[in-house]
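Colleague: Sequence:
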Amino acid sequence: MSVAQSDTVYLIDASIYIFRYYFSLPDNWWGREHQPTAAVYGYGRWLLRFLKAVRPKYIACCFDESLTSCFRNELYPGYKASRALPDESLAFQLAACKGLSAAYGLATYASPRFEADDLIATLAAKSRKRGLSVCVVSRDKDLSQIIRTARDTLWDFPDREPLDSDAIFAKYGIYPEQMADFLALVGDPSDDIPGVAGIGGKTAAALLAEFGSWREIRRNYNRVAKCAIRGAAKLGDKLAAAEAQIELSRQLARVASDAPLGARFRVTRRPVDLPALDTTIDELGLGAGFRTSVHSVFNEI
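Note that this note's numbering gives residue 715 to position 290 of the sequence shown, counting from 1, and the numbers run on in steps of one.
Think of the hints as simulated: they come from the structure by calculation, not from any bench.
The structure presented is a predicted model; accordingly, all values stated were derived computationally and were not measured.
Fair warning: there could be bad hints in the mix.
[Unchecked claim] Computed list of lysine-lysine pairs in DSBU-like fashion (alpha-carbon distance at most 35 Å, straight line):
hint, residue 1, residue 2
1, Lys554, Lys566
2, Lys663, Lys627
3, Lys659, Lys596
4, Lys551, Lys505
5, Lys566, Lys627
6, Lys659, Lys566
7, Lys551, Lys663
8, Lys596, Lys505
9, Lys659, Lys505
10, Lys566, Lys596
11, Lys663, Lys566
12, Lys505, Lys663
13, Lys551, Lys482
14, Lys596, Lys651
15, Lys596, Lys477
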C-alpha cells in the first residue's frame, strides 16, 4: 500500500524508536561533554532515512515526557508503575533527539500530563479538520485506534508496509476503533493496565466481533452466554463482576484527542539551517559521516 505524500501528515511516535536504538546500539558515540549519544545517532539516522524516502510536507514528532505525571496516573496510580524512570544517560538522549528533530525543521510536541499517543491523536484530529489524511508512524499497535478514516494508516517504517483499517483487522482480528475496548478486556502488561482474569485475546476479539464494542457487551450480558465462545455460559457474569475495572482500563487504554498543544498548531516542515545543524552534530559527536548524510538528504529534499 502506498501512502500519498502531498495531503498526508506524518505523526512520529518518536520515543519508541529512540528506545529501540538505545537498547540496540553500542556506546560508540559520545558528545563533547562525554555524554553517550548512540541512541541519538540511531534515531537521527532513522529519521533521515524516513525524510529521504517520504519527503513529507507535513510532519511532527511526539515525545513522552509524562511518566509518573500523566493524567492516567491520577485515575490509577499503578499505571506504568513497573517502568523505571529514565537514567541520566537516557534522559539526556531523549532531550537531544527532541532537539535534533527540531533542528531537522520538524515540529516537536511533548507534555508533562499527556503521552505521545495523546498528542498524536490530537494532532490527527486537527489535521483531519484541515483536510489531511493521517499516517501514524509507530511500532505500537495500540496507536491503531487513531486510524479513523479510509485514508488513515499506521506505519512501522521501514520494517512494515502501511496498514489501513482493513489491514489492521487482518493482522490483529479487531478494527482500530475496537482497540481500546480490546485492551480493557485483556489488559496491557506493558502499561500495567489490568485485564479480566481468564479473558485472552481470542475471547476478547470474539466478543467484539459479536457485539462491536464494550458498550454493547455491557448492555447485553444475558446474550453473552448464548455466543459460540468457549466458556460463554459464565462469561456474562464474569464481565458483569469486572465492569468497574473494565471501565477504568478503557479510560487508561483510550487515547485522548484533546491534549493542549500550546500556543500553536504546526505540522508543516520548515527549511533547515545547515550551519546550525552542523554545530549540533559536532556537539553530539555524531561524526563526519552523519554530517555528510544530513547534507545529502536536506540538499535533496
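Colleague: Determine for every hint whether it applies to the structure shown.
Modeller: Hint check:
{"no.": "1", "hint": "Lys554 / Lys566", "result": "holds (24 Å)"}
{"no.": "2", "hint": "Lys663 / Lys627", "result": "holds (16 Å)"}
{"no.": "3", "hint": "Lys659 / Lys596", "result": "holds (29 Å)"}
{"no.": "4", "hint": "Lys551 / Lys505", "result": "holds (28 Å)"}
{"no.": "5", "hint": "Lys566 / Lys627", "result": "holds (16 Å)"}
{"no.": "6", "hint": "Lys659 / Lys566", "result": "holds (30 Å)"}
{"no.": "7", "hint": "Lys551 / Lys663", "result": "violated (39 Å)"}
{"no.": "8", "hint": "Lys596 / Lys505", "result": "holds (26 Å)"}
{"no.": "9", "hint": "Lys659 / Lys505", "result": "holds (31 Å)"}
{"no.": "10", "hint": "Lys566 / Lys596", "result": "holds (10 Å)"}
{"no.": "11", "hint": "Lys663 / Lys566", "result": "holds (27 Å)"}
{"no.": "12", "hint": "Lys505 / Lys663", "result": "holds (25 Å)"}
{"no.": "13", "hint": "Lys551 / Lys482", "result": "holds (16 Å)"}
{"no.": "14", "hint": "Lys596 / Lys651", "result": "holds (27 Å)"}
{"no.": "15", "hint": "Lys596 / Lys477", "result": "holds (28 Å)"}
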